Structure formats: structure tokens, C-alpha cells
Amino acid sequence: MRFNDLKIVDMGLELDEIIYKKVLKYFKNKRLNDAEILSRQINLSDIKPRLTLFARAICGAPIDIFPAEREGGYKNKNFFLPINCSLFPTKEENLKFYFFRTVYLSIQKQLNFNWDNQDNSPELSLEKAFETAPLVIGEMFEKYPTMQEFYYDAVPKLPVNKKDQSIDYSWLYGKWMKNTPEVEDQNILNDFDDNTKKIKNNVVAETTLHAKAVEEIESLTIDKKQQEDYVLMHSFEKIETAEEFNGNWRDFDGKDDLKDHQEALEEMSMKFTVRVDDMVHSVYQADFVENTSIAESAEVDEKGFHLKYDEWDFIKRNYLTNFCKVYPKTQLKTHATYYKNTMAKYKTTLNGLRKMLTSVNNKMQQQRRQLQGDAFDLDALTDLYTDIHSGKSPDERIYLSQRKKNKDIAILVLLDISLSSDGYAAGNRVIDVEKEVSILFGEILHEFDIDFAIDGFYSKTRNFTTYLTLKDFNESWNKAKHKIGAVEPNGYTRIGPALRHAGARMDQLETKNKWIIVLSDGKPNDYDKYEGQHGIQDIKQALRELNERKINSYALAIEAQAKYYLPQMFGQNHYQILTSPEALLKSLVKLYEKIKHQ
Amino acid sequence: MIVAEKAIFYKAVGSEIEIFNQINQLRLPLLLKGPTGSGKSRFIEYMANEVNKTLVTVSCHEETSATDLIGRFIIKGAETIWIDGPLSIAVKNGYILYLDEVAEARPDVIVAIHSLTDHRRELFIDKLGETIKAHPDFLLVASFNPGYQKGFKELKPSTRQRFVALSFDYPNPKIEAEILINETGIQADIAQKLVAIGTKIRNLTELGLTETVSTRLLVDAAKLINNGLPKRLAVHVAVVEPLTDEQETIQALNDLCDLMI
Chain A
1 MRFNDLKIVD MGLELDEIIY KKVLKYFKNK RLNDAEILSR QINLSDIKPR
51 LTLFARAICG APIDIFPAER EGGYKNKNFF LPINCSLFPT KEENLKFYFF
101 RTVYLSIQKQ LNFNWDNQDN SPELSLEKAF ETAPLVIGEM FEKYPTMQEF
151 YYDAVPKLPV NKKDQSIDYS WLYGKWMKNT PEVEDQNILN DFDDNTKKIK
201 NNVVAETTLH AKAVEEIESL TIDKKQQEDY VLMHSFEKIE TAEEFNGNWR
251 DFDGKDDLKD HQEALEEMSM KFTVRVDDMV HSVYQADFVE NTSIAESAEV
301 DEKGFHLKYD EWDFIKRNYL TNFCKVYPKT QLKTHATYYK NTMAKYKTTL
351 NGLRKMLTSV NNKMQQQRRQ LQGDAFDLDA LTDLYTDIHS GKSPDERIYL
401 SQRKKNKDIA ILVLLDISLS SDGYAAGNRV IDVEKEVSIL FGEILHEFDI
451 DFAIDGFYSK TRNFTTYLTL KDFNESWNKA KHKIGAVEPN GYTRIGPALR
501 HAGARMDQLE TKNKWIIVLS DGKPNDYDKY EGQHGIQDIK QALRELNERK
551 INSYALAIEA QAKYYLPQMF GQNHYQILTS PEALLKSLVK LYEKIKHQ
Chain B
599 MIVAEKAIFY KAVGSEIEIF NQINQLRLPL LLKGPTGSGK SRFIEYMANE
649 VNKTLVTVSC HEETSATDLI GRFIIKGAET IWIDGPLSIA VKNGYILYLD
699 EVAEARPDVI VAIHSLTDHR RELFIDKLGE TIKAHPDFLL VASFNPGYQK
749 GFKELKPSTR QRFVALSFDY PNPKIEAEIL INETGIQADI AQKLVAIGTK
799 IRNLTELGLT ETVSTRLLVD AAKLINNGLP KRLAVHVAVV EPLTDEQETI
849 QALNDLCDLM I
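The listed protein sequences correspond, in order, to chains A and B.
Under my numbering, think of the first position of the first sequence as 1, with each following residue one higher.
Under my numbering, think of the first position of the second sequence as 599, with each following residue one higher.
No lab work stands behind these hints: they were computed from the structure.
In this text the structure is predicted, and so the values were computed from the model without any measurement.
Glycine residues also receive a C-beta, built at the ideal position from the N, C-alpha and C atoms.
Treat the hints loosely; a few may be bogus.
Under 8 Å between C-beta atoms, here's a sample of chain A residues computed to sit facing chain B [said to hold, decoys possible]: (1) Phe-54; (2) Ile-58; (3) Tyr-144; (4) Asp-379; (5) His-389.
Model the full structure from these sequences, guided by the hints.
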């Protein structure tokens, strides 16, 4: 989810304001950097992978963990935990606190102590959590007696409310949150004016900052009138301030001055958002998965050639017929130096690959019981002896030969070229890893005369999945190899329709052995709610369809985060997570070996 | 080739014993499906013992060929001598032949057993030019692990159709605890805790681990605990470490075990 709707006013600063700002900054930094606190503080981001697995194990459900605004709670399958914890005097205790909260939430979830879709005040939410705590704690001690020790140890150390000197239990008990039901179709937002529907010049976001925690989002419709009116009642502010949404609309200017406003933004609640199709210069990014409503894409190209594909609705367990539009396109732009540079950069890797693949192919070339060859086939030789001794005329085919017998293979490499591939994994830009790997793998496959295609995909909602063919089956590699470098990240990741289209392409081939290899950052998302379970289940279903049609699939992911998603979609042994081009290539060759030897 | 001799413990999960007895009477070929360490091999050993038949087990691997099963000529001095393979021995003598992980074997193995799995019940030995009729008591049992090598090594539908299939899964917690107690003599409360850990980690199969905790791993942990190793340590080495090499996952699983035991 991206926030780019906050217009922050930045006017000239007076001297006293500069001083005020400096002093404020000093105190803020002091608070943050207190060495004593830091030494015992545990940050959620550091232990998130560990906690995620832990939570999934005890709940038996694909739980995700997100930072909370304060004490946190749970919402459907998402647990919200404090961003950091330094409540207790030692690091161990602070770590244990996170485990305690995770276990607590798992039991609270099991007992279903949460609001059902009605809004309640924060005070009431805390109160409810406090009321139900004894039940949760009781259940918890019964199931996990080891938690008792921490609990009784922790209670006396809890901070005290300033107002009435009572113990602030909220850190242990959290608060009630609202379980969000599926968003209904009526909530579709399609308030885009004609201007926003046109793609403006290709502007790339220059600044990306991570936002603070967001627990809840409400999407608003743009009120153009109010926005224009705002200029009239504009009050001049002289330092960077941001105010929470109160019904006033301001203009979206899309300037890249986010950094200057970071401090102001951190003070804000990020509850209200709007969707715009303007290009952004700065990205203030917060991870969020729940309750975003469905938005139709502003870019609808009804006239362009497109195919319609179904999408799987796992809740209703049926297909949403003709739900997605896929626009097949062929890449025309080329980038000549990219190919050359890649080849130069990975010269040695390529040689190594060549060797590996040659040995794979050689293994296949060996054929038994031939009339001529380099070595004896021992089994055949024994038979020959037997025949001679029993007086039969022997079979003379007793050699092992190196003859070539190629298996009938077609490989389709499917690249995820969504905007998320613009990110970095282990110091490598994901899209570059994808491009380099496809160039090198393509080169090798070409040398060994194996039919392959390289395609890419990105989406802008269900109405607009672009499926870009970089190299078609039977297309000359010498022409196609220059196209790959020209691919740039775009849009979002809606893997399902792309997989279905790739499958349809494969169906047209007569090859026996068909493989689709997906290179992606692993997380399905699109801005009309393709995140979370819906996306994962749709991809699973698309893979099931492929499987029925004897098309095999394998996924290679370039980000460590993928480990929470890929296994759910592709199943055991059908995915791998790697970050460097070299490692990726090696595993591609290994996969190729498996394919040949299956 | 392993021939089972002594009596063994097996705890029935469903009606598999009854099914096996029927299959044994009708001499139908049987396919056991299920994840690693879910008791497939143990079940067949137990049943062979129950029906008082000799069990011949062949653990198939990538290089297992029809020759390995049927038999081969060897050269001895200036003569060639025929040696029966485990399959031929079992067919002739009416043993139970158990092909463990049959999907791993080379395709010619599958072809070789086809004629044994239908009404013909005969084995053609090409090298001898002979066809041998199966002994009336001969029974063919194969096992494979469906999740593990999907896409790479799968049984062809035409082969699968020839077998009656029994699905194995990890037993429910109560039975699994009973198995642990019977196998290792461990205290009931520790057995229950171990099983609870197993169940929790199995929750994760779909989510991040390629292989999950088998009953066998839990039995190992119980043995170690029974032998005096501290509980948490035993679970770490016998359950967590065999599953993964990834530091983060090990850490998370250890956290989980420390919570549970």
C-alpha cells in the first residue's frame, strides 16, 4: 500500500522556528538514542521471521506479523505487535514478552475475543481486552504452562498509568481489534477524472521511506470541489507540519520533498488514504494487507486485443468467470548493450554453466546395447556369453554408445516485472537479477538447442494484466536476446492470470515435457485485493489447472520474504529462494537436470 | 534384501489391518501412500508377521533396474550362472515382496511388475526366455511418498490403477502418544508433550518446511529423553535439527519446543 496523498506545507522558516525545530530534534534524538534503553530493547523487525514461523506453528494458520501502533492485537490472520520493546530490564525478558504476546494472541484468536465489524472507541477496546484477559490467561497456562513464569515475573515490572497510578496491563493483554469481513463489490471506487486516466510522463519515485505502523485503513473518495476550495482557506504554516485528515482536501502535487517532511509524518496517524493514478516522486511505504477495498483500474483499454481468464474464489470455491483481462504484447524495444554487458560480466559463470549442462546432456547421450561404441555394456556382454554357451547365436549389440537422444522439452521462463522487482535483495536489484539470469539461461538453452520462451508480466488490477513476450518459442535468440535488457518494472504482481495465459501458450505446443519456471519476488499483490489468501489460493488453483494439463511448474524467488508465500503456492520441492544471479543459474541448471531425468 | 523375523509393534490407525487381510486373501496388489516416517514399512512388516509370511523388502533408488529385481547372469570361471533377484524369489516361493519408494526406481521396473499385477500373475524373465507363474501366496506391495517428488518422480496413472491403495498419515495425537510409549517406554506426560510439538510443527508443512516431523523422529526424541538426555536438548537434536539447516527456522522451532516442553 502506498501513501502519497499527503500534501505538506513548507514555507520559509523564521529564526525562532529554526531554533524550536532544532531543540525538538535534540530531544527526540535523545529519547531515541538512550544507550541504556537500546541495549535492552528488542525490535520487532529483527525477530519477525522467527516470530512468524512460531505463530504459524502454534496457530496452524498462515499468520502474518505486523507492527502495531501501540500494544496491538489481532485481526483475522494478522497479529499486530509493538514495534519495539524495552519495558523490562533485560533483553531476554523483552524477547520473552514478544513470545508471550504471540501465544496470548493465538489463544485470544482461538477464543474469538474480538470486535465483530463494529467501530468502538480505543478505551472500550482496551477495557474489553482487560475484561477477557483472565479467560485467555487461564487457557494459556493450561496449554503452555511454561508461560506462567514469565507472566508472574512481568506483572510487577509493568509501567504505571500516570493518571491513577494503576498498573498498565495493556502491554500484556493488548486491545480488541476489529475482524474485517471480505469487502463487498459495491464498494468499488472508480472516481478518477479523465486526466488521471492518462499515463503521465514516466516518473520514477526518487525517495522511499518506511512508514510507521498502520493498523487500519479507510479509503476515501477524492472530493475535487473541496480540494479546490482548500486553496482559498489556506492558512500559512511556517514549519513542516502535517495534519490528520479532517475533511479538508488539498492538491496532490507529487513533489519529491518527502525527506524534509519525514519527522512531521511520523507524528501522524495513517488511517485515511486515497488512491490516485498520478505518478509519484516520493514513496512513504507501509505494509498493510487487510480491508483495502476494490478499485477499478483507471487504465482500461477496451479496444486493445485481450483475452479473458477466470479467477478462483477460494471462499466460494468456484470460478469468477472471465474475471481477468490479459493483454498479450510482444516486446519491441531493444537494449543492445545490456546483453553485451551481461555476457561480459558473467563470462566465467557462463563457462561453468556450459560445463554443467554439457555433463547433464552427456549423461543422457549414453545408450546401452548398441552395435558400436566406446565401452562394453557389461549386461549385454554377459548375455552374449550365456548365448554362446547355450548354443544360441548371440546378440551383437554389446556396446555403450554416446549417441544423442534429445528429450522433447519446452521451457517457458516467466518473469515477474512488477514494481516490486525494482527493490533490492542482498544488494542486487531484483529486476536485474531476473534479466541477467534469463539472458544467461537463454544463451545456454539456445546453445543446446532447446525450445524456450521468455515472457514477463505485470498487472494493474484484474482488468489490465499485461503479458509481455520477450522471446517466443521458435523465435530466433539472436534477435530476442537484445530485447530482454529493455524491460523495466511496472505495475503489480497478479500471478494467476499470467500463469493461465502461459499455460494456454504451452497448450499450443506439441512437446511432451512442458515446464513453466516463474522468477519472482514471490508475493502476490495487486491493488484490487490480490493480496493475502485470495491471491495465494488463486495461484494454487492456476497451478492445479496446469498440473492437470501435464504442464509442470517451478518457482525461483529472489527475496527471502518469499519463504512465507511460495511453499503455500507451489508446494514442497517446487520452489527455491535465492538472491544472487550465480546461485540462481546453478539451481536452474539443476532443475534442468531434474527435468531431463524425470 | 531384508527378511523380517521378530515380532514388532504396530498400532492400527484405521481399518488398515482388516483391509490388508482381505487383500491378502484375494491376492490383490497393494500400494501404500504416505509421508516419510508415517509407518508404511512398519505396517507391512507387522502384517507379514501376522499372516505368517516371509517379507522381502527392496528399497528402490534411482538406479534400481529390472535386472536388480528379476535376476542376472554372473560369470563364474568360464560359466555363466543365473542368480534369481528378489522379485523372482518372492514370485516362486509365495513371499510378500515390498517395493519401498517404488516411484524412485527406473521405468523398466514398473514395466516388469505389470504382468504380476493383473489377472495373469506371471513374470516374464527375458534373459531366460521363461515365464514363471506366481506362487498362489505371492503378494506384491509397493509404497511411495506422494508429496515429496511431485512432478519429477511420479507413478504413471496406468501403473497406479493396477494397485489397491491405502493412504497413511501421521496418527492422531492419542495414538501417536501410545506409539511413543510402546516403542520407548517413556512417561505418558512427556509422550503427550512430544506429540503436541510434532502436531504444531506439522502445522508448518504447507508453510515453509519441505519435510515435516515424522512419528519416527518423535520416537527418536523419546528414546533420547528416556536415556537421560535433557528434554529440550533431546527435542532440539532429534526433532528440530534433522528438519532444516536454516538458522532462522531452527531458531523458531526451538522457541516453539521450549514453549511446549
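Taking the hints in turn, this is what the structure says about them:
no.: 1; hint: Phe-54; result: holds (5 Å)
no.: 2; hint: Ile-58; result: holds (6 Å)
no.: 3; hint: Tyr-144; result: holds (6 Å)
no.: 4; hint: Asp-379; result: holds (6 Å)
no.: 5; hint: His-389; result: holds (6 Å)
Checked against the numbered hints above, the structure breaks none of them.
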